[in-house]
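Undergrad: Given chain A, put chain B in place with the hints provided.
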Amino acid sequence: MLQVADLKAGYGQAPVVRGVSLEVNAGELVCLLGANGAGKSTVLKSIMGTVKPVSGRVRFLGEDITGRPTPEIVGRGIVYVPEGKLVFAPLSVEENLRLGAYLVRDEETVRSRMEQAYELFPRLWERRGQRAGTLSGGEQTMLALARGLMAGPRLLLLDEPSLGLMPKLVGELFETVARLKETGLAVLLVEQRARQALALADRGYVLRTGRIVAAGTREELLSGDTLRQAFLSG
Amino acid sequence: MSVFLEVSIQGVLMGLTYALLALGLTVIFGVMDMVNFAHGEFLMIGMYAAYLTAAHVFPDPLVGVPVAGLIGLVLGALSYRLLVRRLLQGPTIAQIFGTFGLMLFLRYGALAVFGPNLRSAPGGLVVGQRLVLGGLVLDGAKVTAAAGSALLFALIYWFLQRTRVGLGLRATAAHREAARYMGVDTDAMNSIGWAIGGATAGMAGALLVNFYYVSPTVGMVFAMITFTTVALGGFGSVPGAFVAGIIVGVVEAVTAQYFSPQLKLAVIYLVFFLVVLLRPHGLLGAR
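Respectively, the protein sequence lines represent chains A and B.
If you count the first sequence from 1, position 98 lands on 98 in the working numbering, and the numbers rise without skipping.
If you count the second sequence from 1, position 115 lands on 115 in the working numbering, and the numbers rise without skipping.
The shape of chain A in the complex, shown without the other chains:
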């Protein structure tokens, strides 16, 4: 479904991603793990076209989408849920959800997806008229995820959704991600919480200073020293 081949990208002169290849197949939940600053977010932003790759290829459903404009990539079915609770603070919860379905022209579809979103996250229904900026951190994470689902993604890119959440909420969040996978949605999950994320995943990649240093199935990565070594600095 998604193939990233030898991707190099960065900001200005400094390369952050130095040759990353990875793959997500239909229905799979794949983790991209790594410590802070390993380049995980940059990989996702390069896929989305926000960061223009220096070299390498990104293919989605057989077509080359390397460096295409972000709205086009969203239109093709890759939806990115950004890190750090990027909700539209001055807009209402409901308007945030509507924006998730910005490219969906059929009002019926938007309405039924909104119902599903409220079913998945009843808290958002209670707060639908409130400005998104007044929500708690946990609620903003829910909103960002629900907003991403409004687009009807074929592939969901989740950028450290657990960041800054209380432990109890992290558990709930990962349960929700697991449920999404069960519906057949393909997910590329970027996380620092390696073990918790891998528990849900089919496969994983470990990124260190811009390079993939380990890859394998959940079992392969969970057994042995691979993870610990990858997270050691230097």
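Calculated from the structure, these hints are not laboratory results.
Treat the hints with care, as some may be off.
If you want a taste of the chain B side facing chain A, the calculated C-beta under 8 Å gives, among others [to be verified]: (1) Leu167; (2) Ala174; (3) His175; (4) Ala178; (5) Tyr181; (6) Met182; (7) Gly183; (8) Val184.
Each residue gets a CB set at the ideal place from its N, CA and C atoms; glycine is no exception.
TA: Here is chain B on its own, set in the frame of chain A:
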């Protein structure tokens, strides 16, 4: 009726046009964090569009309102496409001087084409009409400009709040990068923001022609008031533009009546200064 009340009503009437002018500027600022220094010149071109329509096509500047709106819309969108979009790749200072240059180009271009003479509308349905409401005598042209401005303001507000493109504009204003992740074409939103700015300034100009003279430098007078209005209401705030427009209109009229017309701008800036001391982001500014 007390003089104060009468003067205040006059101020509200003018304030509605200031609100419409501030709306266009604040939409552009909200969407792209950029001040359009040529806003007064968009107004001036709208005034000439209405004046020339009245002088040569149909003898009423009101007919010029849609003409000026259309010309302003195209002028705004073209300014973005041909100039501002390129400036965005440069440093911030280039963006500031870029629209400043556009202002000079349009102002002195108009001077070259239309000459320095002041011109006023040759007549029209509401030109010079007196409207008597009880003990209150109002200028029909000013009432028309106020009503037209209020209507256009309401229309743009509706557009921003209730349409899909309006939602895209507000999302871009709130967080440009996140808006792109929703599939919003933020570059198109910039164009639309400039088109709204140009169209509203143009139509405000056409409404003013019913009672205000036209000259190539007329934009300067209104631009200063408009910048103050936007800053007073809060940069990027649409309700702020409305409230601040009314306040500026009333302060201006009251000053002219009780002190001296020459002091109008000084007192407006004084009020602005006091408000910003207490609320640095303006009355309804978010940041």
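Undergrad: Indicate, hint by hint, whether the structure satisfies it.
TA: Against the structure, the hints come out as follows:
no., hint, verdict
1, Leu167, "holds (6 Å)"
2, Ala174, "holds (4 Å)"
3, His175, "holds (6 Å)"
4, Ala178, "holds (4 Å)"
5, Tyr181, "holds (5 Å)"
6, Met182, "holds (5 Å)"
7, Gly183, "holds (4 Å)"
8, Val184, "holds (6 Å)"
Checked against the numbered hints above, the structure breaks none of them.
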